[in-house]
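2 protein chains.
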Amino acid sequence: MIYTGGTLEDPDMAKTAHAIARFLPDQVHSVWDSKSAGALLSDIVPGSMCRAPVVSALDQGLDEFDLVIGFAPIGGDLTESQRADLAAAMRPGIRLVNGLHEPLDLPGTLNLRHLHATSRPIAQGMEFDSFRVLTVGTSHAMGKMTATVAVHEEMSRRSVDVAWVATGQTGMILAGEGRVLDSIPVDFVPGHIEQMLSEVDREGRIVLVEGQGSIFHPSYSGLTASLFHTVAPQAFVLCARIGQDHHLGFRQRIPSVQQALEGYAALGAALGVKSSCVAVSLDSSRSTPERYYEEKARLSQATGLVVVDPVYEGSAELIADAILARMGEGV
Amino acid sequence: MIYTGGTLEDPDMAKTAHAIARFLPDQVHSVWDSKSAGALLSDIVPGSMCRAPVVSALDQGLDEFDLVIGFAPIGGDLTESQRADLAAAMRPGIRLVNGLHEPLDLPGTLNLRHLHATSRPIAQGMEFDSFRVLTVGTSHAMGKMTATVAVHEEMSRRSVDVAWVATGQTGMILAGEGRVLDSIPVDFVPGHIEQMLSEVDREGRIVLVEGQGSIFHPSYSGLTASLFHTVAPQAFVLCARIGQDHHLGFRQRIPSVQQALEGYAALGAALGVKSSCVAVSLDSSRSTPERYYEEKARLSQATGLVVVDPVYEGSAELIADAILARMGEGV
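Residue numbers (our numbering), protein chains in the order written: chain A, 1 to 331; chain B, 1 to 331.
Please note: incorrect hints may appear among the correct ones.
To be verified - Think about it this way: if two alpha-carbon atoms lie no more than 25 angstroms apart in a straight line, the pair counts; the simulated DMTMM-like pairs of lysine to aspartate or glutamate are: (1) A:Lys274 <-> B:Asp12; (2) A:Lys296 <-> A:Asp321; (3) B:Lys296 <-> B:Glu262; (4) A:Lys296 <-> A:Glu262; (5) A:Lys35 <-> A:Asp85; (6) B:Lys274 <-> B:Glu262; (7) B:Lys35 <-> B:Asp66; (8) A:Lys274 <-> B:Glu262; (9) A:Lys296 <-> A:Glu313; (10) B:Lys274 <-> A:Asp245; (11) B:Lys296 <-> B:Asp12; (12) B:Lys274 <-> A:Glu262.
Said to hold, decoys possible - Pulled a few chain A residues facing chain B out of the computed Cβ check, cut under 10 angstroms: (13) Arg113; (14) Ala123; (15) Met126; (16) Ile184; (17) Val189; (18) His229; (19) Gly249; (20) Tyr264.
Quick caveat, the hints were computed from the structure, so don't treat them as lab data. The beta-carbon is built from N, C-alpha and C at its ideal position, and this holds for glycine as well.
Given these sequences and hints, build the entire structure.
Given below as structure tokens:
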């Protein structure tokens with residue numbers, strides 16, 4: 001069961017719930033959101049096959065289950081009423097899966113952000129053998145996790161030797177492992193990334209790393225820089241959204257796709273990482289189909305790259321092709 | 001009293017003790033380090049006027065005092081014997097000032113790294129009115145804190161309107177305020193920087209910000225990127241050391257001063273920060289005077305910048321001049 005506390009219809013806020021609806025449709029029993037009660041999850045989440053009902057209270061008929069907090073407020077705090085909902089809900093048999101910054105001390109809670117926050121590995125500047133692809137964004141919440149998982153699904157379908165590394169709370173829920181990097185003290189972030197990469201690194205394998213934040217974001221550039229430096233991806237996928245001008249909740253403008261490509265090239269130069277963009281993953285959920293196809297054509301032309309919305313077009317086929325082609329070139 | 005647990009003669013390890021000896025000579029009563037007992041602090045720390053004795057045990061004659069842990073092992077852990085020393089030492093009247101990653105739970109301990117680790121401010125991308133100067137390095141432990149404090153002392157002597165912002169444990173001990181940024185979860189680092197800058201920001205004032213890490217360091221690039229982004233310094237001072245080829249404890253090479261200038265220029269381009277180098281602060285403590293003067297002349301010629309070792313030459317006069325000149329140009 002997913003708890004979204006009135007936020008389900010806001011895809012930025014309820015992004016964990018939307019991702020689960022999209023990528024783990026068979027594992028959702030119901031969604032607890034009194035504001036949207038009565039609908040099916042697939043009515044609300046574009047591209048989801050999940051026909052689980054949205055209900056207005058905790059399901060009393062279930063025995064042992066995970067109650068997953070499916071939204072992420074900026075700053076990480078619950079409202080009083082959300083907090084009261086959860087406190088009233090807890091009973092033996094429920095595991096509350098909490099990916100928020102704020103640790104909850106309700107019995108039976110798994111605080112995802114606090115699983116790794118006290119371990120202090122120092123990175124060694126390790127080199128890896130796999131072909132590593134990082135998703136980066138023009139801003140945060142631009143579909144980096146979605147593109148990563150969609151490409152992984154597509155490559156797995158083709159039996160490519162591929163793994164992916166989850167770096168945020170939603171990714172951890174989808175992958176069943178990973179670490180919430182944004183909660184880790186800044187000096188130890190590279191050490192945690194190296195530990196995760198070491199576990200999946202193998203020559204000839206593709207490792208897709210879920211990116212975080214954006215080098216252009218006033219708050220989240222440090223984590224993006226650490227990921228770029230430590231992963232040292234041979235290729236990256238740039239994620240952007242049509243029709244969003246400003247960083248969500250901030251007054252700073254988001255760069256254009258072309259400016260962002262220049263920015264990440266400069267970042268690579270600063271960090272001594274040779275990496276180039278292999279595809280643009282476009283989120284068209286705020287746009288019309290006409291605008292999407294126009295923007296896609298314009299950007300393909302301007303950048304010479306594959307440009308596609310893997311959710312709207314229902315597949316990450318072209319991005320997977322582009323990555324395999326780049327890997328074949330032995331970059 | 002400063003506790004250095006056998007590390008005093010290693011300036012990289014005991015850098016907190018060395019900085020206190022250099023900048024707060026009147027405030028040191030004695031140093032507890034059985035390996036170097038019998039010497040005076042000024043015998044061991046180059047450029048220090050501090051004639052406090054190095055002793056082999058806790059001073060029993062003192063009543064109320066701070067016992068400052070004056071060294072910083074990589075990774076942040078004490079050895080068993082250091083831990084035993086401190087546990088045996090504690091008694092009422094002693095405040096143990098601990099800047100290590102590891103919080104100590106001895107009674108009377110002030111754990112500097114944990115004062116701000118649980119507050120979660122989100123940066124807003126604030127703009128500031130002061131003229132901001134950040135120290136950056138070719139690697140970590142290249143004298144960024146030393147250059148910052150030395151320039152601040154020099155400018156204060158001239159009655160310039162200047163403030164400095166401490167971002168590490170030693171800086172906090174010297175300044176009496178500040179935050180240990182490297183222990184803060186990566187997403188909140190910019191918010192903490194904005195809070196500190198807000199407190200000292202004023203048009204016409206120079207604000208010197210103590211840098212951390214290095215964009216070239218495998219572990220510490222994320223924090224450097226966050227500082228560069230959030231401080232958005234109009235000018236920066238590049239700190240480098242003669243005669244050190246590799247990042248301390250790492251196998252990766254340190255870039256040359258010219259490569260580092262290119263790297264920070266690329267970082268500025270990636271982050272949208274217009275900033276340029278105003279001076280090179282050279283640490284010559286591992287070098288001969290001949291080598292220092294040769295390197296200084298070569299780098300001045302090659303970069304067109306002021307190049308000086310403020311410790312060896314006993315003053316940060318030229319760096320202060322360069323900053324004031326740049327500010328006067330209204331960059």
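Right, here's what the structure says about each hint:
1. A:Lys274 <-> B:Asp12: 32 angstroms, violated
2. A:Lys296 <-> A:Asp321: With a Cα-Cα distance of about 17 angstroms, the restraint between A:Lys296 and A:Asp321 holds, given a limit of 25 angstroms.
3. B:Lys296 <-> B:Glu262: 19 angstroms, holds
4. A:Lys296 <-> A:Glu262: 19 angstroms, holds
5. A:Lys35 <-> A:Asp85: Holds, at about 13 angstroms.
6. B:Lys274 <-> B:Glu262: Since the Cα atoms of B:Lys274 and B:Glu262 sit roughly 14 angstroms apart, the hinted pair holds (cutoff 25 angstroms).
7. B:Lys35 <-> B:Asp66: 21 angstroms, holds
8. A:Lys274 <-> B:Glu262: Roughly 15 angstroms separates the two Cα atoms, so the pair holds.
9. A:Lys296 <-> A:Glu313: 12 angstroms, holds
10. B:Lys274 <-> A:Asp245: Judged against 25 angstroms, a Cα distance of about 22 angstroms means the pair holds.
11. B:Lys296 <-> B:Asp12: 22 angstroms, holds
12. B:Lys274 <-> A:Glu262: The given pair, whose Cα atoms are some 15 angstroms apart, holds under the 25 angstroms limit.
13. Arg113: 9 angstroms, holds
14. Ala123: 4 angstroms, holds
15. Met126: 8 angstroms, holds
16. Ile184: This interface hint holds because 6 angstroms falls under the 10 angstroms limit.
17. Val189: Holds: closest Cβ of chain B sits about 5 angstroms from A:Val189, inside 10 angstroms.
18. His229: 5 angstroms, holds
19. Gly249: 8 angstroms, holds
20. Tyr264: Nearest chain B Cβ about 7 angstroms off; hint holds.
When each numbered hint is compared with the structure, a violation occurs for hint 1 only.
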